[in-house]
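6 protein chains.
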Amino acid sequence: MTSRGRILVINPNSNEAVTAAIDAAARPFRFADGPEIACVTLSEGPFGVESQKDADSVTMPLRRLVDEATDVDAFVIACYSDPGLQVCREAGRGPVFGIGECAVATALARGDRFGVLAIGRRSIARHMRSLRQTGAIGRLAGERSLDMSVAQTASGEGTLHRMIEVGRVLIEQDGADVLILGCAGMARHRPALEQTLGVPMIDPTQAALAMSVGTLLAARGVSPIE
Amino acid sequence: MTSRGRILVINPNSNEAVTAAIDAAARPFRFADGPEIACVTLSEGPFGVESQKDADSVTMPLRRLVDEATDVDAFVIACYSDPGLQVCREAGRGPVFGIGECAVATALARGDRFGVLAIGRRSIARHMRSLRQTGAIGRLAGERSLDMSVAQTASGEGTLHRMIEVGRVLIEQDGADVLILGCAGMARHRPALEQTLGVPMIDPTQAALAMSVGTLLAARGVSPIE
Amino acid sequence: MTSRGRILVINPNSNEAVTAAIDAAARPFRFADGPEIACVTLSEGPFGVESQKDADSVTMPLRRLVDEATDVDAFVIACYSDPGLQVCREAGRGPVFGIGECAVATALARGDRFGVLAIGRRSIARHMRSLRQTGAIGRLAGERSLDMSVAQTASGEGTLHRMIEVGRVLIEQDGADVLILGCAGMARHRPALEQTLGVPMIDPTQAALAMSVGTLLAARGVSPIE
Amino acid sequence: MTSRGRILVINPNSNEAVTAAIDAAARPFRFADGPEIACVTLSEGPFGVESQKDADSVTMPLRRLVDEATDVDAFVIACYSDPGLQVCREAGRGPVFGIGECAVATALARGDRFGVLAIGRRSIARHMRSLRQTGAIGRLAGERSLDMSVAQTASGEGTLHRMIEVGRVLIEQDGADVLILGCAGMARHRPALEQTLGVPMIDPTQAALAMSVGTLLAARGVSPIE
Amino acid sequence: MTSRGRILVINPNSNEAVTAAIDAAARPFRFADGPEIACVTLSEGPFGVESQKDADSVTMPLRRLVDEATDVDAFVIACYSDPGLQVCREAGRGPVFGIGECAVATALARGDRFGVLAIGRRSIARHMRSLRQTGAIGRLAGERSLDMSVAQTASGEGTLHRMIEVGRVLIEQDGADVLILGCAGMARHRPALEQTLGVPMIDPTQAALAMSVGTLLAARGVSPIE
Amino acid sequence: MTSRGRILVINPNSNEAVTAAIDAAARPFRFADGPEIACVTLSEGPFGVESQKDADSVTMPLRRLVDEATDVDAFVIACYSDPGLQVCREAGRGPVFGIGECAVATALARGDRFGVLAIGRRSIARHMRSLRQTGAIGRLAGERSLDMSVAQTASGEGTLHRMIEVGRVLIEQDGADVLILGCAGMARHRPALEQTLGVPMIDPTQAALAMSVGTLLAARGVSPIE
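Protein chains in written order, with the working numbering: chain A, 1 to 226; chain B, 1001 to 1226; chain C, 2001 to 2226; chain D, 3001 to 3226; chain E, 4001 to 4226; chain F, 5001 to 5226.
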């Protein structure tokens, strides 16, 4: 491990604006002595991961990036669909965290039944397959789509308003008591959503950063009790 | 929230040595600008939480402690059985993390099937009931007892040797690829176990600290991207 | 065992009117040679068990009551949330039946999918956690709230009408073919509800009495076949 | 309902000795004012229900018996495989209890994980299919065969010894904390097994009698509280 | 095995028109060298299998038919409720396929979540019990009734229109991406439904024929690679 | 659809000997008027799919092959790990069958609990993740490794002997009553294994061929009943 430890957060799409938003989400997790957190864009990635093809197209490039990384102590794959998670773990270069998996795990420790806000409908079946694989699908209250394009979600006010609207349905109709933002790069809306909706709101990138930072801190060991 | 944020870690048993070990586990999670982490002993607690009576005896004292706490932004209940978790959440004084729940959630994001090292046999049925409640019991490879007293586990070498022995059975016979230390106060053995056994080893206190620190950091919000 | 056997039914709230209603539900279960059935009020209990705090506040008093009981062959905890069930079992003073657990078990033997009538919304999440723990949540058609106060439910006509209304939704929309009255002390409405709704209606106290009386009768043994 | 209520317990096999043993198991459930309990033999039944053919051969005769019964308020099908349970319920002549279903339901209210003692291996797959249908298979610790013929089990000492032996394996290796006798007519061994093995031992006929007697008693209604 | 192999498809109801429709569904599965496929009517069967009594009334006649069959290499029970499946398998006369089980199995390999079109409401609870037994109920999007009589479904246009209507609800509201025709003898509507609804549409008889033909072809063995 | 219909079976590894064995498994499924079955090798594939990297490396080449295929009515991906299944389905070029998924689905229709013979240990965790995703993992008796290299399995006698040995453990210890050959290209051992072990033995390629042939035959439609 490097002295402070170093986390590489990989945005698997090639949209630099998303990487910048991920980097912003990471800012509160940077400390003087804490692990370094670098956010990079997968240049081979599609502009957004919306289809299964998009997701599968990045698995081997992600693996190569992981294989070639030097001075990295933990990896975060910053796409809610967790593309390439297993193949990157297999590389044996250090812990690999998928933000989707970390968000669901964190939601299990914050409430009873979780709801997910998805950008579009197409992703929901893909997320459901992942969730069945986790074995925790019994805790899902529901996943609902914002029915927005990535461009729309990037623009501001309208997005927040729509998120609140869909979040209310997840809480009131589906019975969710904790919500997950089902994509990377929306962390700036997290505090407002949490305050308005009154339930814990999980940003998946930050959930993964909490776990990866925690893993590197724990790796520093515990000095004997004097 | 206080300026840095403050986490109160409560050891529900009255054994100060365990609180000291919890405090040692917390040390790597303390940073200049990071949340303050205070570890306290529940004076009304039993000397160890071994029976259901021990667990149930601390729920109301824990609630009182939470109700009366001032300047606390998040709570951690530092006993693997998560006594009082729901009643403390109900207090509405801030997020409450149970180290058992956090350890299982973290294990789900580190491997495929998790194993648990329990101090004694009596706790296993209690843990199984909790685990059925999480809905994630399908990911459990197995839980096995060290068959040691708390006094024995506190003493060193012998404990580590026994943990390695039982950990190997969980990995080789039960198929675990990630392990959880099923009690508080054993974090000092974590690095050696992880290195010897070759699978991620989760200390539950540290898993809860990662999540609670992450929650407070995320609460700081994300400044707009310039 | 005492000659006839003796069952202690404990109302964990301090509302004597509820104890009286429980005692009324027990009347048909009293026979000349059958087990004695005594109904007592937990004086330390809250006036009603509505919150998690209410539920957790009675676990230790229940345990003490069980520990100190003499000439008791089986215990019934007469609150649908089954507070203190595990800790009272651990006392080793005889079988302990929780009316919530017994009601669900009985419903499994009466129909295909069960519905639950809850007094208020607050209790539902607590019941869901218990139900996930039983492993039988796949048989739940739904749980719906009467949205009444305990005072209102105690008053008569209006309660029955509301129960019929909510029961119909559980049957027609949720697909329940057996219903559970999700609280103690409502047994007097059971026959009318069953007749009006046309599906088996389970009173939890009576479900627990059936099992506890049965357990004591079975304990008398079976004389050899002549 | 007849004045006291009447329960018809049907032994679906034509072995009168088994009916006599069932009748013996019913004896403690007969009271001065309690429901009458009549035990009858299905004359068309096979000598024992060992195969699926045996089980399926009795469904229509059981239905006819139920259709033609007069003055019966509840039915018990006294074979652990619960043959004809659904078709007899469909007759709409009153509640129908299957002893297998009642035994499992009762076990859920007595312990955490249940074990089943089966007479022979052939029945286990059939029982597993039923158990998957109940949705409660997650609570099964294991089912193990005595590997005895019905003739052998009828004879005494040897049976008890073998039951203790197999029961110990279910408890110690499989983790059961409550056991079910997986056939009708063995109730006379129940008390000795319970005492020797130290866990609750459920006789399925008695479990069904407890529920059916309870159902008829509850049907008497609850007089208003004076 | 006979030289080509022979499959006996049994319609368990005595409605010859249904047998003719089953035979029509089988036509595309008949080939010059392929297995012979004979469709027969169970003369003892009811005119339609609508109740549990109907279903249970055919199990023993089906077993006799299987026991007495000569020159048959595989059996298909052509009723969506799979009556007599286990007892016919037990006969040991060759593989026995239930069209309900085969339809569900095939749906698992064609989509993510399946919907079922049932003729009437009465059958749904029966199908749900079967589905819980398969262990694959987590993949069910929903089952909805056409609310038609068998006579109505036999008549044409109106049936197709109603199927499309209910199919749309299963897709749009329940989230199904593959549909099953929940009865035998409707295969003629399959292509039009598939084209109109845009998701794979499974006819259960054809699903069972695919598996049974495949089983007989596989039984021919694989000559060594030259 | 081409007149007869055409199935493209793709071996995702570049080992031509495996393609030849797959082609041999397909031979019994070729008929005069039946669908054409072409078996091709994915030239970009690794020599064998043993790691997650191997599996992920073929997903995009498989999608390209599917995208560019002409005159193909159904696709079969002939690797037990089902690489690229979702992304190939998304192409919208026709039904895509994964041999792993088809083998499990077929096993559900042949027995109660299935066992899987894996070539090596590394694949088992990968298969388990897939199986959890199917939702049918409750029907798994066990998966056990032959602990052989692909080269060894290709050689004959030794392989069969080892398969019988491991198959017996799956049946006798794990309780399987139907077995799956957990890789492509072993169909030649199927009949001998089935005969020796006495339970249905599923070759996954043949399971997928049965379903894909059936799908194309069903697509021919059903002429109206004259």
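Since the hints were made in silico from the structure, they are not lab data. Keep in mind it's a predicted model, so treat the numbers as computed, not measured. Please note: incorrect hints may appear among the correct ones.
[What the hints assert, rightly or not] Straight-line Cα separation of at most 25 Å, PhoX-like style, residue types lysine-lysine; simulated pairs:
{"id": "1", "chain 1": "E", "residue 1": "Lys-4053", "chain 2": "D", "residue 2": "Lys-3053"}
{"id": "2", "chain 1": "B", "residue 1": "Lys-1053", "chain 2": "C", "residue 2": "Lys-2053"}
{"id": "3", "chain 1": "F", "residue 1": "Lys-5053", "chain 2": "A", "residue 2": "Lys-53"}
Evaluated hints:
Note on Lys-4053 (chain E) and Lys-3053 (chain D): the hinted pairing holds, with a Cα-Cα distance of about 17 Å set against a maximum of 25 Å. At roughly 17 Å between alpha-carbon atoms, Lys-1053 (chain B) and Lys-2053 (chain C) fall within 25 Å of each other, so this suggested pair holds. Proposed proximity of Lys-5053 (chain F) and Lys-53 (chain A) is supported: the alpha carbons are some 17 Å apart, at most 25 Å.
Violated hints for the displayed structure: none, as all numbered hints are satisfied.
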